[in-house]
Amino acid sequence: MIEFNHVFKRYPGEYDALKNVSFKIERGEMVFVTGHSGAGKTTLLKLISLIERPTRGQAVVNGKNLGKLAVRRVPYFRRDLGIVFQNYKLLFDRSVYDNVALPLLVTGVESREVGKRVRAALDKVGLLPKERLNPIVLSGGEQQRVGIARAIVHRPSLLLADEPTGNVDIVLAEEILDLFLDFNHHGVTVLIATHDQRLITRARKRMLVLKHGEIAHDSPSAAGTPQ
Amino acid sequence: MIRFLRKYGRHHRHVLATTLQQLARAPLASLMTVAAIGITLALPTGLYVVIDNLQRMSQGWDTGGQISLFMKRDAAESSIEKLAERVRRMRAVARVDYISRGQALAEFKQLSGFGEALNVLDRNPLPALLVVHPTPGQNPEALQALLRDLRGNDLVETAQLDVDWVRRLHALLALAERAVWSLGALLALAVLLTIGNTIRLAVLNRRDEIEVMKLMGGTDTFIRRPFLYAGVLHGLLGAAVTWVILAVTQLFLSGPIASLAASYGNELRVEGLSVAGSGVLLTAGALLGWLGSRLAVGRHLRAIEPS
Ligand SMILES: Nc1ncnc2c1ncn2[C@@H]1O[C@H](COP(=O)(O)OP(=O)(O)OP(=O)(O)O)[C@@H](O)[C@H]1O
Ligand SMILES: [Mg+2]
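Sequence order for the protein chains is A and B.
Quick note, the first sequence lines up with residues 1 to 227 if you use this note's numbering.
Quick note, the second sequence lines up with residues 1 to 307 if you use this note's numbering.
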């Protein structure tokens, strides 16, 4: 599903956010990316979602070579992705419902179908009663969950989440983790960038540790080897 | 195929709805843009209507004019009569009046009131005159050719075409028409800029939305569409405003025009923009709206990339 071979990412200003990163994630896997602040976690997710392009090396996602994918193909590439952003990226000029409906809108799903899917997604994150509200009135954790609902509503094959539990208490964090485990159980490949060690320990999944832009550690899906 | 069309139709309905919502959300800005477009387009369109009317009215005027051929004083009367006969048979000529030297003098005496005073002249100073009436409906070039032709005759001292002012009017109107077209092109550019600027602001105002749409897999075509709709709508409404301005102006002028017409024996009928003209106006408005927003959106959409 995802294969990185000696990938470098240099931001303008000669700063190498990722250095010689190689790894492979199979379809249906669930992987945590962790590391100190500034280690390059978000950068890694941005490469996978084509918000940034690799400077060097080869990165293949969903069979597409990220360095070479034509700009006009990018939207279609992204439709297979569900992305939960570190800063949510919700639109405050429309309701929770309309925010979650966006990924369906851009692909032209029928409106009856849209209603069903949006409500199902909101139900999953426990926000169905708030579908008519503007997300600006919601708490940080609730906004985060709107972002999660939006990331799953179009049933992506790859789910990317950047600090999806950054703003919620431990009870809610575990609920959200269970949600991701459930998607993964249904065959979705899941990649989560997080600082939250409790989450990683609880999930017992594979973990990529980044340190100053390099992979310091790649522990396999270690059931029974708590980190 | 049918499913595709249904999907397409659904999407366009949706886009139209959101476009209208957006217009309703910033009604003042939209209204001002529409009014600016309406006024801008009213100038060339109004001038066009005026010129069109003038052209129509002047069409009825005798563009044939007449050519006066003053004969050489020593030309024999018989040869002049022969010449008159020959000219009369020319295809471009409808009628020829022959005014002999004697007739000319008699007429002059009568008209000038010099009567007796002229009797002291021992010789008639006036030349014979052929007044040539060309067949009506000829263009100025044909008349000029006829004039050259007649002037070349040995018997003719001078030949004079009396249609200069009609010709000048026509030339002036043709010039004015060109001027209106250039003015129209210039003001179309102004409309383009007005709409482009409005749409540019709309794009910048919706930066976040565009960024998120791109992240959700929205194609540029998809993201561009509501802006194009908005551009077309602005252009169309602007053209409609122009239409209303012209209609109101015509109504406002109808009183004076009617009294003027009465003094001309009702020959004067002022026509506003025709149905076809209105169609052209609205289409032009919509096209300018589309083009203006297309140019503005194209550039600014590319600049907005998620980060
Ligand atoms: N657009 C950019 N231009 C220049 N440098 C950048 C840019 N984005 C990120 N960086 C730098 O790259 C490094 C990695 O950033 P990144 O956001 O990937 O870290 P992170 O692991 O997600 O950190 P955090 O846990 O704080 O979110 C940081 O040092 C950051 O300053
Ligand atoms: Mg980060």
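Don't read these hints as lab results, they were simulated from the structure.
Using N, Cα and C, we set each Cβ at its ideal position, and we do this for glycine too.
Watch out, some of these pointers could steer you wrong.
[Said to hold, decoys possible] One side only, chain A facing chain B, incomplete, derived with CB under 7 Å: (1) I51; (2) P54; (3) G57; (4) V71; (5) R79; (6) K89; (7) L91; (8) L102; (9) G187; (10) K211.
[As the list claims (entries may be wrong)] Just a few of them, taken from the derived set where beta-carbon distance is under 7 Å, the chain A residues facing chain B: (11) P12; (12) G13; (13) P103; (14) R112.
**Request:** Output the numbers, in ascending order, of every earlier hint that fails for this structure.
**Result:** Result: hints 2, 3, 4, 9, 10, 11, 12 and 14 break, sorted rising.
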